[in-house]
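Residues -25 to -1, 1 to 283 (mature numbering (1 follows the signal peptide of the UniProt record, and there is no 0)) are what the sequence shown spells out, left to right.
Hints should not be assumed to be uniformly reliable.
What the hints assert, rightly or not - Across the chosen pairs, the derived CB separations fall in these ranges:
hint, residue 1, residue 2, range
1, Glu81, Leu133, 20 to 28 Å
2, Thr137, Asp239, 24 to 32 Å
3, Glu110, Arg53, 37 to 45 Å
4, Leu188, Gln99, 31 to 39 Å
5, Thr283, Leu44, 20 to 28 Å
6, Gly82, Arg53, 19 to 27 Å
7, Ala36, Ala131, 16 to 24 Å
8, Gly54, Ala228, 37 to 45 Å
9, Arg80, Val112, 37 to 45 Å
10, Gln138, Leu44, 47 to 55 Å
11, Arg80, Ala104, 31 to 39 Å
12, Ala78, Gln58, 28 to 36 Å
13, Gln138, Ala260, 30 to 38 Å
14, Pro189, Arg116, 21 to 29 Å
Calculated directly from the structure, the hints in this document are not laboratory data. Model, not experiment: these values are computed from the prediction. No residue lacks a Cβ here, since even glycine has one placed at the ideal position from N, Cα and C.
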Amino acid sequence: MRAWRALVAVVAAMAAVGTPPPAGATSAACVDTAATPGTTQPAARARPGAGAQHDPNHLTAEQVRQLQLLTEQALAARGLAGQPRTTATVTVPVVVHVVARDASREGGNIPDAMVTAQIDVLNQAYAAATQFAFELVRIDRVTNASWYPIVYESAAELAMKTQLRVGGMETLNLYLGDLSDALLGWATYPQPALDPSDGVVIHSESLPGGTSLPYNEGDTAVHEVGHWLNLFHTFQNGCTEEGDLVDDTPAEASQARGCPEGRDTCTADPGEDPIHNYMDYSTDACMIEFTPGQAARMLSGWDAFRAT
């Protein structure tokens, strides 16, 4: 996939300047790119019933290890390995691209009020447990039927992002529109070099006041921005010791749907499934929290890749 090839290119560049690449990531040949999601892309959030084939970015354990090694190497290169993180608020500039088929609401032309409500939801969710705040810089609107719906990993998606994306690694580009394959959203992980695909894609009707019940309170964006800030799913790696690389999120064998109170899919590990965590797949009304460990991981990812 394009995203996996992008990571391989980054690894090759690191090797060229003398930075050791992650084990097993020296060439694309070690990965079945037709079947394995790209490491620079985290899992897309999909509606129930979409099928596993429509979770195009869920990472393998090896890809998680590679991304973690890249993070550690980037922190070391910046002299931040083992250093305490800033306690100041990190303000993320946000540029929103409303991608529509035509001028109608049905064609994707959502009102500004939905966008500003989404930024409010992001700020409320992240302020409760993290140091991140989000500042809306501007709303760009584009009408282009060839980009609508937005199709994951398509040539049209890359063309759209290449034309519309603005800012550096620190700028969150949020693309809103109708999405293919019953997806609610997808995003890129941070990486050492800015890629034109960097950003977050969200189904516009998942914004507050949208029609994608029960996923219309704005938490799809909260979830996907978590990936953009270097978080994995809470069910990453299942019940294995590695899990999502965050110590204070209980292990979870598989994604949660709905709001299954008391669910415990890793009975040998402490704690019930973190169904209320923003990085699970529960309904919006069920998702209410990040953990301190997730907050620390996001800040490390920011320091490693996105801080200016």
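Hints, verified against the model:
{"no.": "1", "hint": "Glu81 / Leu133: 20 to 28 Å", "result": "holds, 26 Å"}
{"no.": "2", "hint": "Thr137 / Asp239: 24 to 32 Å", "result": "violated, 45 Å"}
{"no.": "3", "hint": "Glu110 / Arg53: 37 to 45 Å", "result": "violated, 24 Å"}
{"no.": "4", "hint": "Leu188 / Gln99: 31 to 39 Å", "result": "violated, 20 Å"}
{"no.": "5", "hint": "Thr283 / Leu44: 20 to 28 Å", "result": "holds, 23 Å"}
{"no.": "6", "hint": "Gly82 / Arg53: 19 to 27 Å", "result": "violated, 44 Å"}
{"no.": "7", "hint": "Ala36 / Ala131: 16 to 24 Å", "result": "violated, 32 Å"}
{"no.": "8", "hint": "Gly54 / Ala228: 37 to 45 Å", "result": "holds, 39 Å"}
{"no.": "9", "hint": "Arg80 / Val112: 37 to 45 Å", "result": "violated, 24 Å"}
{"no.": "10", "hint": "Gln138 / Leu44: 47 to 55 Å", "result": "violated, 33 Å"}
{"no.": "11", "hint": "Arg80 / Ala104: 31 to 39 Å", "result": "holds, 34 Å"}
{"no.": "12", "hint": "Ala78 / Gln58: 28 to 36 Å", "result": "violated, 51 Å"}
{"no.": "13", "hint": "Gln138 / Ala260: 30 to 38 Å", "result": "holds, 36 Å"}
{"no.": "14", "hint": "Pro189 / Arg116: 21 to 29 Å", "result": "holds, 28 Å"}
Violated hints, in rising order: 2, 3, 4, 6, 7, 9, 10 and 12; the structure is consistent with all others.
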